[in-house]
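Listed here are the chains, written in short residue letters.
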Amino acid sequence: DAMVIQNPRYQVTQFGKPVTLSCSQTLNHNVMYWYQQKSSQAPKLLFHYYDKDFNNEADTPDNFQSRRPNTSFCFLDIRSPGLGDAAMYLCATSSEGGQPQHFGDGTRLSIL
Amino acid sequence: GESVGLHLPTLSVQEGDNSIINCAYSNSASDYFIWYKQESGKGPQFIIDIRSNMDKRQGQRVTVLLNKTVKHLSLQIAATQPGDSAVYFCAENSGGSNYKLTFGKGTLLTVNP
Numbered sequence: 001d002a003m004v005i006q007n008p009r010y011q012v013t014q015f016g017k018p019v020t021l022s023c024s025q026t027l028n029h030n031v032m033y034w035y036q037q038k039s040s041q042a043p044k045l046l047f048h049y050y051d052k053d054f055n056n057e058a059d060t061p062d063n064f065q066s067r068r069p070n071t072s073f074c075f076l077d078i079r080s081p082g083l084g085d086a087a088m089y090l091c092a093t094s095s096e097g098g099q100p101q102h103f104g105d106g107t108r109l110s111i112l
Numbered sequence: 001g002e003s004v005g006l007h008l009p010t011l012s013v014q015e016g017d018n019s020i021i022n023c024a025y026s027n028s029a030s031d032y033f034i035w036y037k038q039e040s041g042k043g044p045q046f047i048i049d050i051r052s053n054m055d056k057r058q059g060q061r062v063t064v065l066l067n068k069t070v071k072h073l074s075l076q077i078a079a080t081q082p083g084d085s086a087v088y089f090c091a092e093n094s095g096g097s098n099y100k101l102t103f104g105k106g107t108l109l110t111v112n113p
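Going line by line, the protein sequences match chains A and B. Heads up: the first sequence begins at 1 in the working numbering, then just goes up one per residue. Heads up: the second sequence begins at 1 in the working numbering, then just goes up one per residue.
Hints in this document: simulated from the structure, not taken from any laboratory. There's no promise every hint is true.
As the list claims (entries may be wrong) - SDA-like, lysine to any residue: derived pairs with alpha carbons at most 25 Å apart:
| hint | chain 1 | residue 1 | chain 2 | residue 2 |
| --- | --- | --- | --- | --- |
| 1 | B | Lys100 | A | Tyr49 |
| 2 | B | Lys42 | A | Thr71 |
| 3 | B | Lys100 | A | Ala86 |
| 4 | B | Lys100 | A | Gly16 |
| 5 | B | Lys71 | A | Arg67 |
| 6 | B | Lys71 | B | Lys42 |
| 7 | A | Lys44 | B | Lys42 |
| 8 | A | Lys44 | B | Ser74 |
| 9 | B | Lys100 | A | Thr13 |
| 10 | B | Lys56 | B | Ser26 |
| 11 | B | Lys100 | A | Ala58 |
| 12 | A | Lys38 | A | Arg67 |
| 13 | B | Lys42 | A | Ser24 |
| 14 | A | Lys44 | B | Gln60 |
| 15 | A | Lys44 | B | Ala78 |
| 16 | B | Lys42 | B | Thr10 |
| 17 | B | Lys56 | B | Thr69 |
As the list claims (entries may be wrong) - Sample of chain A residues with no beta-carbon within 12 Å of chain B, all distances over it, derived:
| hint | residue |
| --- | --- |
| 18 | Val4 |
| 19 | Thr13 |
| 20 | Gln14 |
| 21 | Phe15 |
| 22 | Pro61 |
| 23 | Thr71 |
| 24 | Phe75 |
| 25 | Asp77 |
| 26 | Asp85 |
Glycine included, every Cβ here is placed at the ideal spot set by N, Cα and C.
Please model the complete structure; the sequences and the hints are all you need to start from.
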């Protein structure tokens, strides 16, 4: 009974071709996060939503956008993927601050 | 602050031994800490957390110790099993926001049968 579900698990796109990654949750959590994780590195926060309030990290490239149409769903849009954007993208949720974040199993993005 | 590295620290133990994974955190104002286990091809999985008003917390086969004086966090795993092999990350809330976590580098634990 997965609680944070990411689709697809693997995504291949071409250099410069827009791509959208999806995340859904059954936990009814207020906060949803997107992280980028490269090989042998820690997850790096890109942005998060508290309800509909969007919070971007200062060093997140403009190439990365996000949408949260409702509590359950959140999307990561990469407008013009470059080779350096190949990574695992992790979605997480939490009910509030000071509580664990619950992660999905990620989408591994490859750029051709 | 967060550092970027291409090589994870590693810890290799024998099955049945106890494991201790260490983490130095960066922000003395952090008041919530968490350990995650990440297996290959999966997302981080919550193991245990601790708040800054505690210095020790125990779970099933795991214990987290917090030393705020030296900004050090450790995870102890008792009777380590092959299924414990994974990368372990510590994380702290940071940046003046309780909602955000900053992750440490990670430690690769390998359990030898």
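Here is what the structure says about each hint:
{"no.": "1", "hint": "B:Lys100 - A:Tyr49", "result": "holds, 11 Å"}
{"no.": "2", "hint": "B:Lys42 - A:Thr71", "result": "holds, 24 Å"}
{"no.": "3", "hint": "B:Lys100 - A:Ala86", "result": "holds, 23 Å"}
{"no.": "4", "hint": "B:Lys100 - A:Gly16", "result": "violated, 30 Å"}
{"no.": "5", "hint": "B:Lys71 - A:Arg67", "result": "violated, 36 Å"}
{"no.": "6", "hint": "B:Lys71 - B:Lys42", "result": "violated, 29 Å"}
{"no.": "7", "hint": "A:Lys44 - B:Lys42", "result": "holds, 16 Å"}
{"no.": "8", "hint": "A:Lys44 - B:Ser74", "result": "holds, 21 Å"}
{"no.": "9", "hint": "B:Lys100 - A:Thr13", "result": "violated, 30 Å"}
{"no.": "10", "hint": "B:Lys56 - B:Ser26", "result": "holds, 19 Å"}
{"no.": "11", "hint": "B:Lys100 - A:Ala58", "result": "holds, 13 Å"}
{"no.": "12", "hint": "A:Lys38 - A:Arg67", "result": "holds, 23 Å"}
{"no.": "13", "hint": "B:Lys42 - A:Ser24", "result": "holds, 16 Å"}
{"no.": "14", "hint": "A:Lys44 - B:Gln60", "result": "violated, 29 Å"}
{"no.": "15", "hint": "A:Lys44 - B:Ala78", "result": "violated, 30 Å"}
{"no.": "16", "hint": "B:Lys42 - B:Thr10", "result": "holds, 19 Å"}
{"no.": "17", "hint": "B:Lys56 - B:Thr69", "result": "holds, 14 Å"}
{"no.": "18", "hint": "Val4", "result": "violated, 8 Å"}
{"no.": "19", "hint": "Thr13", "result": "holds, 20 Å"}
{"no.": "20", "hint": "Gln14", "result": "holds, 24 Å"}
{"no.": "21", "hint": "Phe15", "result": "holds, 23 Å"}
{"no.": "22", "hint": "Pro61", "result": "holds, 16 Å"}
{"no.": "23", "hint": "Thr71", "result": "holds, 16 Å"}
{"no.": "24", "hint": "Phe75", "result": "holds, 17 Å"}
{"no.": "25", "hint": "Asp77", "result": "holds, 20 Å"}
{"no.": "26", "hint": "Asp85", "result": "holds, 16 Å"}
Violation of the numbered hints given earlier is confined to hints 4, 5, 6, 9, 14, 15 and 18; the remaining hints are satisfied by the structure.
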